[in-house]
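Enquirer: The lines below spell out each chain.
2 protein chains.
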Amino acid sequence: MIIDIHGHYTTAPTQLRDWRLRQIDSAGTPFNEPLVISDDEIVETIEKGQLRLQRDRGTDVTLFSPTAGGMAHHFGDEQTSVQWTRTVNDLVKRVCDLFPDNFIPVCQIPQSPGVDPANCIDELERCVNGLGFIALNLNPDPTDGYWTGPALTNKAWYPLYEKMVELEVPAMIHVSMSCNPNFHGTGAHYLNGDTVAFMQFIESELFKDFPTLKFVIPHGGGAVPYHWGRYRGIAQDMGRPPIEELLNNVYFDTCVYHQRGIDLLVDVIAADNIVFASEMIGAVRGVDERSGRYFDDTKPYIDGVPGITESDKQKIFESNALKVYPRLKTTLKVTA
Amino acid sequence: MIIDIHGHYTTAPTQLRDWRLRQIDSAGTPFNEPLVISDDEIVETIEKGQLRLQRDRGTDVTLFSPTAGGMAHHFGDEQTSVQWTRTVNDLVKRVCDLFPDNFIPVCQIPQSPGVDPANCIDELERCVNGLGFIALNLNPDPTDGYWTGPALTNKAWYPLYEKMVELEVPAMIHVSMSCNPNFHGTGAHYLNGDTVAFMQFIESELFKDFPTLKFVIPHGGGAVPYHWGRYRGIAQDMGRPPIEELLNNVYFDTCVYHQRGIDLLVDVIAADNIVFASEMIGAVRGVDERSGRYFDDTKPYIDGVPGITESDKQKIFESNALKVYPRLKTTLKVTA
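As you go down the protein sequences, you meet chains Y and A in turn. Residues in the first sequence are numbered consecutively from 1, following the working numbering. Residues in the second sequence are numbered consecutively from 1, following the working numbering.
Each statement offered as a hint is correct.
Since the list can't tell identical chains apart, any single copy or any two copies may satisfy a pair.
Straight-line Cα separation of at most 25 angstroms, SDA-like style, residue types lysine to any residue; simulated pairs: (1) Lys333 <-> Leu131; (2) Lys208 <-> Leu167; (3) Lys333 <-> Met1; (4) Lys299 <-> Arg260; (5) Lys48 <-> Gly239; (6) Lys155 <-> Gly185; (7) Lys299 <-> Asp237; (8) Lys299 <-> Gln236; (9) Lys313 <-> Arg57; (10) Lys93 <-> Ala118.
In case anyone wonders, no lab produced these hints; they're calculated from the structure. Source: prediction; values computed, not measured.
Please build the complete structure, drawing on both the sequences and the hints.
Expert: The structure is reproduced here in structure tokens:
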């Protein structure tokens with residue numbers, strides 16, 4: 001089985017975007033409009049979009065979450081974020097109920113700049129216990145480009161981490177859109193968020209406090225595997241433990257869109273810590289004119305790693321996902 | 001000849017740090033203290049530091065600039081930055097005059113948050129025309145971690161770029177310290193600054209406006225070569241030209257501190273666009289306990305790239321530097 005742990009509902013019917021724009025515009029006044037989208041409309045977007053690509057590419061199941069760029073936690077206030085989050089999580093749940101063999105739900109959480117992350121616990125419990133979500137996306141920068149909130153290792157996050165551990169759900173560290181004109185979203189802010197998170201982990205005792213907490217750093221870990229020697233050296237200079245110790249808690253996905261990048265990822269990071277992902281339909285949507293293949297069709301890159309063993313491929317495509325996402329096994333059994 | 005295009009005077013006598021602290025503390029009141037450091041003191045720091053490592057590692061010449069983290073443009077106001085910049089540039093000039101065969105001066109510029117970059121032209125002219133500096137370091141984020149200024153492609157920078165073109169001096173895009181607790185300096189802010197710069201270039205017409213403007217992106221280009229497919233795809237999706245066109249103006253250094261990272265850099269980026277650098281004595285100072293070599297001893301990594309040709313090594317170690325830094329040739333002739 002090939003499990004893609006990183007997909008977003010980027011193809012939702014336009015009513016979602018329009019509803020969100022009206023919600024944002026309503027700031028300061030009550031907004032109680034229901035989101036109206038029919039099952040048929042959902043089915044059409046998925047069948048023409050993510051499900052078609054799953055079939056074309058030979059993958060089986062996608063861990064599916066609301067659009068990361070659309071989380072946009074900086075808009076409005078905490079209540080804006082709570083309402084938006086419940087709405088998109090419910091929509092993702094509908095997708096997964098309509099296609100239970102192909103999509104497993106992952107939630108966003110109602111972060112908001114300056115608001116204590118403990119505010120996210122209710123929605124996380126609702127999603128996991130009530131709706132069968134198996135993981136969450138966690139935005140390390142709810143300001144969406146200005147980074148004025150606490151680092152991921154700050155104790156402000158601890159109540160949320162306690163709940164994650166209790167519920168056995170991992171988080172993908174995933175920034176949202178950038179409203180900073182210096183940072184292109186998918187081309188700079190995304191990768192920087194990944195890099196920042198790993199360096200924060202190097203500096204901290206977070207995983208001593210939470211030995212079973214699990215994070216996935218997407219986009220192949222940002223700059224991290226390419227600069228693995230730099231990180232090893234910085235950690236050594238700082239008197240920190242070898243960075244390999246972080247690999248008890250931190251995993252990297254395979255959203256790296258060329259062969260040489262994936263080769264490096266698989267060579268530098270132990271196969272036990274790599275989880276297959278494409279982020280389709282996401283950051284890069286085109287077909288590479290040179291290869292004739294989608295840039296984000298990441299399976300052939302894994303298959304093409306020189307000398308990769310069947311055992312390592314099995315870990316990357318399937319068994320690591322089952323290890324990182326403990327609730328996945330149950331969900332797959334129910335739907336199988 | 002082996003030219004290291006990226007070295008900083010990180011070993012300056014402690015009087016420099018103390019002077020700077022008093023200058024920062026004096027904010028709002030006149031500060032006219034001279035910096036007192038003897039030639040003997042400079043000689044000692046260099047002979048025990050960068051010159052010793054040059055000799056040990058078999059490199060010949062270092063392009064030498066003030067400590068990047070120390071630029072710290074966010075402190076005080078424009079005049080604070082002007083005074084500090086002149087002071088450290090003069091100190092770097094003294095190093096290079098004392099060791100003219102081994103160090104060639106590169107300046108910092110007196111950037112300051114919210115201040116028009118055109119304010120840097122006077123100091124750039126003083127350094128280049130008056131003191132023989134051959135390049136500059138340009139901080140894409142003078143706020144030192146909050147990124148509230150204009151992107152590098154904003155026309156606010158154009159007067160400075162016009163002067164760079166006129167003087168034939170390239171800039172290394174190099175952030176300074178981070179005062180944002182989310183961003184470790186050398187482990188996150190540095191690499192993010194590199195990544196941000198390249199993505200800004202993809203989005204812009206900057207090099208149509210300045211066809212001969214040259215930038216070096218340090219630290220192996222941040223996340224860029226590892227994510228080359230992502231950048232190719234994003235550019236294609238945006239209807240931008242192939243990113244290889246940027247390589248008429250953009251070069252990457254070799255400050256990547258492990259073999260596999262350098263292998264990827266040399267494989268993905270044309271040898272014509274890679275310039276040798278170590279950043280010693282800089283971000284990573286230790287000896288790798290596993291290899292017994294300094295992490296930042298980057299020459300063996302270049303020598304160790306599988307299948308690298310003598311011609312490519314010659315470009316990376318020497319001839320590209322002479323191409324990117326037109327004033328270097330004259331300086332080397334004078335000192336030879």
